[in-house]
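Peer 1: So you can see what is in the structure, the chains are spelled out below.
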Amino acid sequence: MGEPEAGGGEAPGRGHALAMDTLATLILIFVGAALINNFVLHYFVGICPFLGVSRRVDTAFGMGCAVTFVISIAALLNWTFTYFVLRPGAPLPAWVWAAAGGDPATQVDLSVLSYIIYIFVIASSVQLVEMYVRKFFPPLYRSFGVYLPLITTNCAILFACLEIMKHMQDPTKVWGLHEALALAVGGGIGFTLAISLMAGIREELDLCEVPRPLKGAGIALIVAGIMAMAFMGFTGVDKGVHAALSALLR
Amino acid sequence: MPSDQPTALERFINGILPENPIYRQLLGMCPVLAVTNGMKPAMTMAAATAFVLICANVMVSLIRGLLKPHLRILVFTLTIATFVTIADRLLAAYVYDMSKQLGPYVPLIIVNCIIISRCEICASKQGAGVAIADAFGMSLGFALALASIATVREILGSGTWLGLPVLPAGWPGWGIMVLPPGAFLTLGLLLGMAEWASQRRAAVKRQGGGTR
Numbered sequence: 450m451g452e453p454e455a456g457g458g459e460a461p462g463r464g465h466a467l468a469m470d471t472l473a474t475l476i477l478i479f480v481g482a483a484l485i486n487n488f489v490l491h492y493f494v495g496i497c498p499f500l501g502v503s504r505r506v507d508t509a510f511g512m513g514c515a516v517t518f519v520i521s522i523a524a525l526l527n528w529t530f531t532y533f534v535l536r537p538g539a540p541l542p543a544w545v546w547a548a549a550g551g552d553p554a555t556q557v558d559l560s561v562l563s564y565i566i567y568i569f570v571i572a573s574s575v576q577l578v579e580m581y582v583r584k585f586f587p588p589l590y591r592s593f594g595v596y597l598p599l600i601t602t603n604c605a606i607l608f609a610c611l612e613i614m615k616h617m618q619d620p621t622k623v624w625g626l627h628e629a630l631a632l633a634v635g636g637g638i639g640f641t642l643a644i645s646l647m648a649g650i651r652e653e654l655d656l657c658e659v660p661r662p663l664k665g666a667g668i669a670l671i672v673a674g675i676m677a678m679a680f681m682g683f684t685g686v687d688k689g690v691h692a693a694l695s696a697l698l699r
Numbered sequence: 016m017p018s019d020q021p022t023a024l025e026r027f028i029n030g031i032l033p034e035n036p037i038y039r040q041l042l043g044m045c046p047v048l049a050v051t052n053g054m055k056p057a058m059t060m061a062a063a064t065a066f067v068l069i070c071a072n073v074m075v076s077l078i079r080g081l082l083k084p085h086l087r088i089l090v091f092t093l094t095i096a097t098f099v100t101i102a103d104r105l106l107a108a109y110v111y112d113m114s115k116q117l118g119p120y121v122p123l124i125i126v127n128c129i130i131i132s133r134c135e136i137c138a139s140k141q142g143a144g145v146a147i148a149d150a151f152g153m154s155l156g157f158a159l160a161l162a163s164i165a166t167v168r169e170i171l172g173s174g175t176w177l178g179l180p181v182l183p184a185g186w187p188g189w190g191i192m193v194l195p196p197g198a199f200l201t202l203g204l205l206l207g208m209a210e211w212a213s214q215r216r217a218a219v220k221r222q223g224g225g226t227r
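For the record, the sequence lines run as chains A and B. Everything in the first sequence is counted per this note's numbering, starting at 450 for the first residue and increasing by one. Everything in the second sequence is counted per this note's numbering, starting at 16 for the first residue and increasing by one.
So here's chain B without its partners, still in its complex pose (with noise of 0.2 Å):
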């Protein structure tokens, strides 16, 4: 059985595009859409899930031979929701205002179908190693979509990235991209965009499939 399971390299190549979280597998798109106005609360977001995605992945990997098959759902959920509660305090501590921007979204990371989607299908199967694997690939998978639609949000509505200053002074800033619209929006667009690229490939390659 655990033979043709996918390895450690393997799983975090797999995370980063080719089952990307969010382009391919469409998971956890409330803080993508929520958080993406800006490139820092963006990032700090990425961090947060990707904190409680690997502590999540190594614990459930680590118990997985005491899971029983009908309680394991409720393992998983109570096992993120501790590290999320340790994580919405860090951030409480060292970066306060972050934390009040982020408000309700950090403790939405419990319901984040992305981690509990990686404990069913990796680290209650797997061991630790191939699980902290795992975990990075997503986690860096995320963050790349999370950084593709801040970027294209915050330049386009407010003319700076991570802060700094891009376009020229004169730039009026799409409001709308800030506001909840411009986030639907972009990512409508940028999904389109991806699945046009993938349509592109598999047209040359001539082959079908992908995971969607």
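The shape of chain A in the complex, shown without the other chains (with noise of 0.2 Å):
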């Protein structure tokens, strides 16, 4: 959707000009996933855990940052499986196919999988991560122990996924592994962002009279709305950084 426009259009061929080139496109990626589409507060992902664990900073931030980490696995596991078999033109498919003696003309496309093979990849890999950390972290799983196996439903990780997804389907133009994870890391941070603040301010909200039908999730949901409000302050700064960039990298 407000994805930003990927990518300056003046690099003069240069290798040097090509590397800065791909910096500023990540760091737009980047601001783009954590400020300017802000996956709670533009795209409402990951709105259960927003409402659910937003009553304490320490724990908010706990959430916040044991989903940067999954978000970040996830996205760089789906995106090898979307980049070797499931894209449009993938590798191995076409292989299997010339194989078994297909057609090697005929595009082989198994987006259709893609779905079941995502949700599949972030169940398991949670898992995994809840062993790795339980056995090697104890601290560590004791402080975001709780969260993690509710991290499996979060729409964020999936949400992340299919933005990677949409971005590989055009086989001219396939996000790069660097791109994919730093859209995950910018939404991860955005999420810890948006959730930490919100716990800030519903710990002040304890000590304030709220009517009484809007205690709870009610109250909660209107900061959100005004937390939004103030997120749109960021629509169009894309354009700036990007300009910003470009005078810095030239």
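Result set (DSSO-like, lysine-lysine): computed pairs, CA atoms no more than 27 Å apart in a straight line:
| # | chain 1 | residue 1 | chain 2 | residue 2 |
| --- | --- | --- | --- | --- |
| 1 | B | Lys55 | B | Lys115 |
| 2 | B | Lys220 | A | Lys664 |
| 3 | B | Lys115 | A | Lys615 |
| 4 | A | Lys688 | B | Lys115 |
| 5 | A | Lys688 | A | Lys615 |
| 6 | A | Lys584 | B | Lys83 |
| 7 | A | Lys622 | A | Lys688 |
| 8 | B | Lys140 | B | Lys83 |
| 9 | A | Lys622 | B | Lys115 |
| 10 | B | Lys55 | A | Lys615 |
Which chain B residues face chain A? A few, computed with CB under 10 Å, are given here:
| # | residue |
| --- | --- |
| 11 | Cys45 |
| 12 | Thr97 |
| 13 | Pro119 |
| 14 | Ile131 |
| 15 | Leu194 |
| 16 | Leu200 |
| 17 | Leu202 |
| 18 | Ala212 |
| 19 | Ser213 |
Read the hints as simulated data drawn from the structure, not as lab findings. Ideal Cβ placement from N, Cα and C applies to all residues, glycine included.
Work from the hints to combine the two standalone chains into their complex.
Peer 2: In structure tokens, the structure reads:
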């Protein structure tokens, strides 16, 4: 939808300029996912933990870190699957197709399987991360162990994978791993930012007199609405960032 | 054990208002906020969710004897993902524009907590008949909740309802209502109203309780 238009056009063709251009694209994707199109306040994904785990700042921050961690791992694994197996024109199914004696001119497209593969990868990577963290980092496990199993059904993870998939449908312009990870980490940090801000506001709200029917989720949603208005102020920042970056990196 | 489970009729009625997934259980908030800027996308979303919920509930109920406790969530998720893929392809084939407009929110039905919670609470314990009744009740409750929010947002935001003009032509249209903040504000206020009504009812009856 509102993804920042990737990459400026004026790369003069030299290697250095190309690297700078890649860097600028990554920064734009990152800022876009974290602030301009914040996962929670613009796309409404991850609302359940945003309302459920935002009563205290430290638990909210722990949840945000857990989500950022899992979102990066899921993006890494799902980018790999999408690049090699699922996207139109992926190498692996084409190789199998040719080996089975199929017509090499046919393009094999397995993207209809992507939802099932993604959710399977997310569910199993959450399980693996949980076991790994429990075994090797017990203090970390105690601090966000409770939230880890809940993350499987956190829409933000699947949403990040779907956004990455959207940018891999066109075989001429496929996102690389670095771009996918920039989106995932940006989205995770944006989620952490939103949920921590929310928890800070709710800690103060506990001291206020809220009308009885609005206590709990009602007032939280209204606060979120006001926060979403504030985040709308970031609209258009990507153009400024792009101009500043191209001036800086020239 | 099965004797103290609710019957099909109770399941059906519970889903509509007493245990409404949005207003009483606060489940599945993402689509509720994301697709309610108009009645048409909201109703398409409600239909797609109903399809997936009914199919998944029946399927899980039929295979409930084979479920292993530690793998059941994974089985639920994969069943749901299969039906979501079918729903997504059907939408793309027959209502392409709407499918484009709903975008990622159709695949996000997979992680809609309502469906997983119904599989866990009802379908994995009771027979297919009860599971169908439960799924219909919950879908109806979900559709009603979506419709209530979409009605407020579409009428105030663009002065139309299901695309038909309802407010006078001079209505300026509150742009904020169709933008993300309007979704949060509308849902927050409607939740407050639902809570107020149930508190009033409880005060009249002089008995506490309710699901939450």
